[in-house]
Amino acid sequence: GAGVSQSPRYKVAKRGQDVALRCDPISGHVSLFWYQQALGQGPEFLTYFQNEAQLDKSGLPSDRFFAERPEGSVSTLKIQRTQQEDSAVYLCASCLLPGQSYEQYFGPGTRLTVT
Amino acid sequence: GENVEQHPSTLSVQEGDSAVIKCTYSDSASNYFPWYKQELGKRPQLIIDIRSNVGEKKDQRIAVTLNKTAKHFSLHITETQPEDSAVYFCAASRSAGGTSYGKLTFGQGTILTVHP
Numbered sequence: 003g004a005g006v007s008q009s010p011r012y013k014v015a016k017r018g019q020d021v022a023l024r025c026d027p028i029s030g031h032v033s034l035f036w037y038q039q040a041l042g043q044g045p046e047f048l049t050y051f052q053n054e055a056q057l058d059k060s061g062l063p064s065d066r067f068f069a070e071r072p073e074g075s076v077s078t079l080k081i082q083r084t085q086q087e088d089s090a091v092y093l094c095a096s097c098l099l100p101g102q103s104y105e106q107y108f109g110p111g112t113r114l115t116v117t
Numbered sequence: 019g020e021n022v023e024q025h026p027s028t029l030s031v032q033e034g035d036s037a038v039i040k041c042t043y044s045d046s047a048s049n050y051f052p053w054y055k056q057e058l059g060k061r062p063q064l065i066i067d068i069r070s071n072v073g074e075k076k077d078q079r080i081a082v083t084l085n086k087t088a089k090h091f092s093l094h095i096t097e098t099q100p101e102d103s104a105v106y107f108c109a110a111s112r113s114a115g116g117t118s119y120g121k122l123t124f125g126q127g128t129i130l131t132v133h134p
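Same order as they appear, the protein sequences are chains S and P. Using our numbering, the letters of the first sequence correspond one by one to residues 3 to 117. Using our numbering, the letters of the second sequence correspond one by one to residues 19 to 134.
Honestly, I wouldn't trust all of these hints.
Lysine to any residue pairs mimicking SDA-like chemistry, simulated, CA-CA at most 25 Å apart [claimed, not checked]:
no., chain 1, residue 1, chain 2, residue 2
1, P, Lys40, S, Thr78
2, S, Lys59, P, Arg112
3, P, Lys60, S, Thr78
4, P, Lys60, S, Ala22
5, P, Lys75, S, Tyr107
6, S, Lys59, P, Asp45
7, P, Lys55, S, Tyr104
Derived by calculation from the structure, the hints in this document are not laboratory data.
Extracted from the complex, chain P is given alone in its bound form:
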């Protein structure tokens, strides 16, 4: 099955700096890659996603890049703010014949701390 590795496990930055989180996946059939933000004790929330027919996607201060050849994708947050502090999870999903229902395989998470 799919295996998703995420690095770093913790990331500490100063407010205004950029933060980059990287993930690799093992299943070449994976074609959907969402990123979730989870604040302490709260539910995971989708912040951005990318599909395999796209190399890069941006939404305001957040961007995601995908390299299918190397099987890795990254989350970039620019101009970080204290409220960006949370745990971030990458995930991957594949189509499987006619039964693509969107099961997600998650990375281990990155604890991002943004210092004011």
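So that you can see chain S by itself, here it is in the shape it has in the complex:
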């Protein structure tokens, strides 16, 4: 079956522009995570959704970052007034159910470059 998909795969934004990154999780997966992966680093947690509820946004680096999952499936990560330090790969992962018993399936990521 289809895995997690993300779009766009690559995004170049001028500093100060707003961007929107989309994640299509595996159908029926309840849990959805966003991670940020800087060059040469491991992914870092940004936020977590259980269905449409955003239960943890402790990893969002500033109030310029906003995420939503209004119908409990597709999720969008929005970054306002992008800065150079926002350049990274943004990974989405979905999981069948909450908890550690279920594997997180990652999407291919969106590589954001802020110039």
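Given chain S, work out where chain P should sit, using these hints.
Frame of chain S, contents of chain P only:
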């Protein structure tokens, strides 16, 4: 919060040799430890995981060991092959009261190169 340290950052081996990657974690409440393989430009993929009630787990050429007392866990790859070349990440996750949803804290990654 949790902090995961991973070593070495790069590892170069000859085909057929073994490779070992080590991670330490800080949160004694962490109880789930997955390992991910990420090829260049690709998504991370789970290769093996271990839970805190187990000391060792093996899957063909890959094994993971966990020492809860010392708060460290290791990935062992035997009989390495060129296709094992990738970046490997360890991660840790904890249960937190009734809200265990599996948030992962990752190490910094190890670039493994297997020379034919």
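Checked hints:
Our distance criterion of 25 Å between C-alpha atoms is broken by P/Lys40 and S/Thr78, whose separation comes to about 35 Å. Distance hint between S/Lys59 and P/Arg112 is fulfilled; the C-alpha atoms sit about 17 Å from each other, no more than 25 Å. Our distance criterion of 25 Å between C-alpha atoms is met by P/Lys60 and S/Thr78, whose separation comes to about 21 Å. For a cut-off of 25 Å, the pair hint linking P/Lys60 to S/Ala22 stands: about 21 Å separates their Cα positions.
With a C-alpha separation of about 21 Å, the suggested pairing of P/Lys75 with S/Tyr107 holds against the 25 Å cut-off. Of the supplied pair hints, the one linking S/Lys59 and P/Asp45 holds, its CA atoms being roughly 20 Å apart against a limit of 25 Å. Between P/Lys55 and S/Tyr104, the direct Cα distance comes to roughly 17 Å. Compliance with the 25 Å bound is thereby established for this hinted pair.
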